[in-house]
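Peer 1: As numbered in my numbering, the sequence shown has no gaps in its residue numbers, which increase by one up to the final residue, 178.
Worth flagging that the hints you see were computed from the coordinates, not collected in a lab.
Since the model is a prediction, treat every value here as computed from it, not as a measurement.
A hint or two may mislead.
[As the list claims (entries may be wrong)] Okay, derived cross-link-like pairs now, EDC-like style, lysine to aspartate or glutamate, Cα gap no bigger than 20 Å in a straight line:
{"#": "1", "residue 1": "138", "residue 2": "72"}
{"#": "2", "residue 1": "105", "residue 2": "61"}
{"#": "3", "residue 1": "108", "residue 2": "72"}
{"#": "4", "residue 1": "105", "residue 2": "77"}
{"#": "5", "residue 1": "73", "residue 2": "133"}
{"#": "6", "residue 1": "111", "residue 2": "133"}
{"#": "7", "residue 1": "39", "residue 2": "102"}
{"#": "8", "residue 1": "73", "residue 2": "99"}
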Amino acid sequence: MKIKFVTQDFSPDKINTSDSAQPFPRRPRLKNFDYKGIFDYFLTILTFNREKYFISPDLFKEVFDVLIEKFVSEFDIFAYCFMPDHLHLLLSGKMEISDLQKAIKSFKQKSGYIFFDKYKKKLWHTSYYDHILRKDESITEIIKYILNNPVRKNLVASFKEYPFSGSLVFNINDL
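Required output: the full structure, derived from the provided sequences and hints.
Peer 2: Structure follows, in structure tokens:
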């Protein structure tokens, strides 16, 4: 199955969101954890009202560039997958000062500003889902889960066909 992309005439106003699910409820961060340091995180960030924005290669590139800018100095990006209405990330803090909450806030703020400037719409849902990986959880299995999301949603037959996912650490062809 080939994925259908919108190119030059992309506009958020043209997107059909009739099958959009409601965003997940606001989930509080862990009370006794400051989200700083050398930890592995599995994140899901929803688009505002689960709008299907990430169907445009141009928008993906703009937001991906902000992702690199805001995360790569403090985090390894083990896996990313921009689904039409959400983003999955598997990150690992590189040093004790790696600050997840600061990086997410900065990423959502800058990418949201760029999007709003072009389309006059909000890009991101207010909150996000985070899971701090335990020592017994397999990073490889979570990477496979993230990369196979487009396959589970019948967007492509193989995760290698999906252009909006990958890893900045691993060769995904080896998975």
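Peer 1: Each hint needs a verdict: does it hold in this structure or not?
Peer 2: These are the hints, each one checked on the structure:
At most 20 Å may separate the alpha-carbon atoms for a hinted pair to count; residue 138 and residue 72 exceed this at roughly 28 Å. With a C-alpha separation of about 26 Å, the suggested pairing of residue 105 with residue 61 is violated against the 20 Å cut-off. For the given pair, residue 108 sits about 13 Å from residue 72 by alpha-carbon distance, which is consistent with the 20 Å threshold. A C-alpha spacing of about 11 Å is found between residue 105 and residue 77, which places the hinted pair at or below 20 Å, so the restraint holds.
Pair hint residue 73 plus residue 133 holds up; C-alpha atoms about 17 Å apart against a cutoff of 20 Å. The hinted pair formed by residue 111 and residue 133 meets the criterion: a straight-line CA distance of about 15 Å does not exceed 20 Å. Distance restraint check for residue 39 and residue 102: the Cα-Cα separation of roughly 4 Å lies within the 20 Å cut-off, and the hinted pair is therefore satisfied. Between the alpha carbons of residue 73 and residue 99 the distance comes to roughly 17 Å, so the proposed pair stays at or under 20 Å and holds.
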